[in-house]
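Okay, here's what each chain looks like letter by letter:
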Amino acid sequence: MSDTIAADSETLAVPSAAPRETRAVRLRNFWADYRRSWVAVASLIVIALLIAASFGAPLLAPQDPYDMAALDWMDAFLRPGTVGSGGYMHLLGTDNAGRDMLSAIFYGLRTSFVIGLTAGVLALSIGIVVGLAAAYFRGRTEAVLMRVVDLQLSMPAILLALVMVAMLGQGVAQIIFALVVAQYAYFARTTHGAATVERGKDYIEAARSTPLPTHRVLLRHLLPNVMPPLIVVATVQIASAIALEATLSFLGVGLPLTEPSLGSLISNGFKYIHTDRYWLSIYPGLFLMITVVAINLVGDQVRTILDPRNAR
Amino acid sequence: MTAPLLEIRRVSKRFTRQAGLIERGVARLTGQGAGGTVHAVTDVDLAVPQGEVLGIVGESGCGKSTLGRVVSGIYAPSEGEVVLNGQPVARDRHGASQKLTTKVQMIHQDPFASLNPRMKVGETIGEGPRVHGFGTAAEIRERTGSLLEQVGLEASYADRLPHQFSGGQRQRIAIARALAMQPELLVLDEAVASLDVSIQAQVLNLFTDLRRELGLTALFISHDLSVVRHVCDRVAIMYLGRVVELAGAEDLYRAPLHPYSEALFASVPTLGTGRASFHPIKGEIPSPLAPPPGCAFHPRCPMAGPRCRVEVPRLKTPVQGARQVACHLHDGGTQQKDIAA
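In order, the protein sequence lines correspond to chains S and X. Counting from 1, position 60 in the first sequence corresponds to residue 60 in UniProt numbering; the numbering is continuous, with no gaps. Counting from 1, position 152 in the second sequence corresponds to residue 152 in UniProt numbering; the numbering is continuous, with no gaps.
Treat the hints with care, since some could be wrong.
As the list claims (entries may be wrong) - Computed list of lysine to any residue pairs in SDA-like fashion (alpha-carbon distance at most 25 angstroms, straight line):
(1) S:K201 <-> X:S78
(2) X:K103 <-> X:E190
(3) S:K201 <-> S:F177
(4) X:K120 <-> S:L286
(5) X:K316 <-> X:S65
(6) S:K201 <-> X:A193
(7) X:K99 <-> S:T214
(8) X:K120 <-> S:L27
Derived by calculation from the structure, the hints in this document are not laboratory data. Keep in mind the model is a prediction, meaning the values are calculated, not measured.
Chain X on its own, in the form it takes in the complex (with noise of 0.2 angstroms):
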């Protein structure tokens, strides 16, 4: 078995914020703490192999976007590694962030953010493969072209300004420029969140039809659990910086395994199935700041016994075969192990 193209392993990312000096006054005198921690992604494990598409779902806040960042080389992890094609990713010489590689490539939710909003469509195409000496000028410029008109534009678009364009053509433009340098792995943050759901179902469209042309293997981000269904071939869902379940996309939306999982897919309204009402999670996803103790889950999940407010549930496979749960439920019950036992 050939390694798989991306390993994160065992990733945590926090953020520290630095108290400014009047703050770290006010805190000594109050007796309080000040700045904090945000633990943004907790010990993350993940492998995709090569020609996947890889959901990571979860409410916004869960550390998703983090997640791509750190494998997109944006930020580097406070903890483990990001491997590829069996090479660690290296750090630069701060080790603040990664050497940042061409090899990945993100689209980003806001196409209305994403691209320069000075820079014509053709040369913001163009200047990465440029720069990184992909071709002569000429062979650039035509690739382009071919490249605007694979993800369903003309190439003449190339000499026109971002917001000569609509969302869903700004997308497809920031898709086109991503595959422009020929990337290994494709990082979607939310790619189609912020376009509307007829904009969405066409670059949905466009992604799968290129994912079947080029073989991409792709992290694809995503709050939307019916978009990440369409373009999956197996999902993790996260909940507050760490994967409590991973699955193949048909088999976990058929049967979720983690009560976090099952009030998710609760909670997404559905035609056709006669239900009338959904049942949002109660409560609120805590702060990342200060994490619960034990499964990060047990403050809103009714299934919640003594050993959930404890013990941090691992991500395990329980009985059925190729999926991963991190849940005391599905190993061995709720109840706290008693120690003399």
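This is chain S alone, in the form it adopts within the complex (with noise of 0.2 angstroms):
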């Protein structure tokens, strides 16, 4: 019986081509697969462009709108390209209170990075939370939680995000919490579904007759498992968080112009719509348009590459 064993870990050896699956390969093979869509690095130059602009609105900017001293009113309404009183170009123009457009949108962008992230992180932790308790417990939690979701997921999120943000009042914080109550379902969904389907494997059964206590094997067996459909739902998320802002900024209950977002920048330049100062909502609103395009085609990108029809 010996000889069996003996001859039986040669033909076990692991054919010595077979790359160690270290956490740098795995990045690289991710990102060898990104790189196929030039659409996709495109996208990801993009964001990485206005993050950069964004959180580098005080070097980058000529102006800082927040600082009202620094506001001429001589300089209201400049055509974009027009040289102001303060000695530089106004690239995209300025607005009725003469403050810089370009400025103004990249403090903007800042706020809405700033908004969507934390939003998005919030809202895919509790999601996270939710999802993955009600599909390992079972039974009555998850009867609860899902039903709460499911009436959540019925209503527009915009109406949820409005209702919030009328019962709490403007500013920052306001906005996040209004967000991460209308999106956390989104997350509380997705997570739910993958983890039922993982929760039924043989691993999750042996790691809990081992025994491993039970946030053990939440955590670390069942969490890791279903990250990958989350990280795509993350992205597109993020977007639609700076998206809602935006509209909640428009409509008027989001932020203060003081305190631009792109969405406040986009309302206050739609009272001139009708005139010929089209540069006042157009920029931002392009600015937005691309921020959002290009984080939902990074997602895209992230979904095809995960996805394991498509796997290599």
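Put the two chains together into one complex; each comes in its own frame, and the hints tell you how they fit.
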């Protein structure tokens, strides 16, 4: 019998060609897959530039739109490309208060990114907790949690966010809270779906019967295996959080113009849409569109890579 | 005589399916019952002494895997109790599941599903010992390496992920994971069923070697009679949730007593005996939702008599020594016992 064992350890040897899959290798493979679509690469570059521009706004922008003292009424409604009293060119013109549009957009983007990312991460965390708990404990926990989620998904997110903001008032924290309430349900549903599939697999039973503590089974075994679909939903939801915030600000319940976000800039320019001062709303709108589209394109490519049917 | 390591005392396991709201409504309208109870395991009494490998054999759906899960603590028995080392296994406060113990470890059928695909093999093996404080991180790492070598792999494989291994290798990893907990009892649930025949032999050889080295006690659940014969000391044959025959492996293979066991052996193709045809058992296994009255095997049994239709045969010791069989044939015939007589 022992020679059978000896013989099999040779046949069982892992082919030396098989690369050891370290994190670095996986990341490199992921990048190789990602690079196949030049649109996705371009989108990633665009996002990187936008993030750099927004968080580097105090350095890059010619003017601080928060500083009322720096604004000059004489510079109001300057056309794009005009040199104002500050002695620099207003590339995208100025608004009714003499704010440099480019600066305002950079600062506005920063607000949008901060709100979008914070709300996205918070909603993701809450959604994961709800979805995992529902899928793992089943029974009454699942019924209650998922019915609430279903109820919420049957309402438009913007309506829910509007109600929340109406109740809480204006401000960055309030907006983030409203967005989290409106969006966690999407993460919860996705997590629940993926976790229900994974929970039935033997490795979860093996972990439970070892036995390992419940939190360990949930976080170390279940969670890592439901992450891939969540990453995709997260990118899409961050884009939609940015758009949602812009919508709220556009409707006038979001952020005031003294804290410019893209939505409040569009809203402000919208008053002049029937004049020829198109630049007031077109440019912030353009930046919003580019941001949302770029994030969605990145999310699309990530989904394509993570889709097991496209696995190589 | 010392107490056996594992005692399964009159264990039954039923699964009741709660009907949903709509289903209940439909059931009321149509006048039929909703939901249902699956009698997965009924009244099983077994004892496994230290160092023995007990085989549990039966067709799919006979409750053998459920029995394994009851023993390993994943399910709590509906009735009866599981006793380890003379100590009944405690239930948790809901009574829904048993307090799980590190003393019983399970090896699952499908090695592609039983290993966390995103966890390095070394971590999978070392996680349980680390959580339960079996040693320092360095000690556990060392032990993980030696376990990998013990199951015929290399210590350096600890840094790899499961998808880099073949089915047989994964099953070895699963065995190493179970052994890492230093269990007193292993439950192998169809542990080689999903492997190629050549790999099966390798894993079985490994199991036999480990058993010799470590003196393992195990419950070996399988539908494969030849595999069971190879590794088990005694064999329990299950049919529809009940043990119908319990005997030493050699005795059983030489002369099965229960008609179901006989039929099972008759349906195994063998080389060299010159038998050209097999005799599959007639009919289908009845639904465990509605097990037939009397002996569960009577609708398919060629020897069934009137008594078999009404009276459930008990597992008893017939004429020949150390074996048990649940059949009226070996208990004074199949004729209905006259109540007047």
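Hint-by-hint comparison with the structure:
1. S:K201 <-> X:S78: 24 angstroms, holds
2. X:K103 <-> X:E190: 20 angstroms, holds
3. S:K201 <-> S:F177: 36 angstroms, violated
4. X:K120 <-> S:L286: Given pair K120 of chain X, L286 of chain S is violated - Cα atoms ~46 angstroms apart, limit 25 angstroms.
5. X:K316 <-> X:S65: 24 angstroms, holds
6. S:K201 <-> X:A193: This hinted pair holds, its Cα atoms lying about 17 angstroms apart.
7. X:K99 <-> S:T214: Holds, because 13 angstroms separates the two Cα atoms, which is no more than 25 angstroms.
8. X:K120 <-> S:L27: With a Cα-Cα distance of about 16 angstroms, the restraint between K120 of chain X and L27 of chain S holds, given a limit of 25 angstroms.
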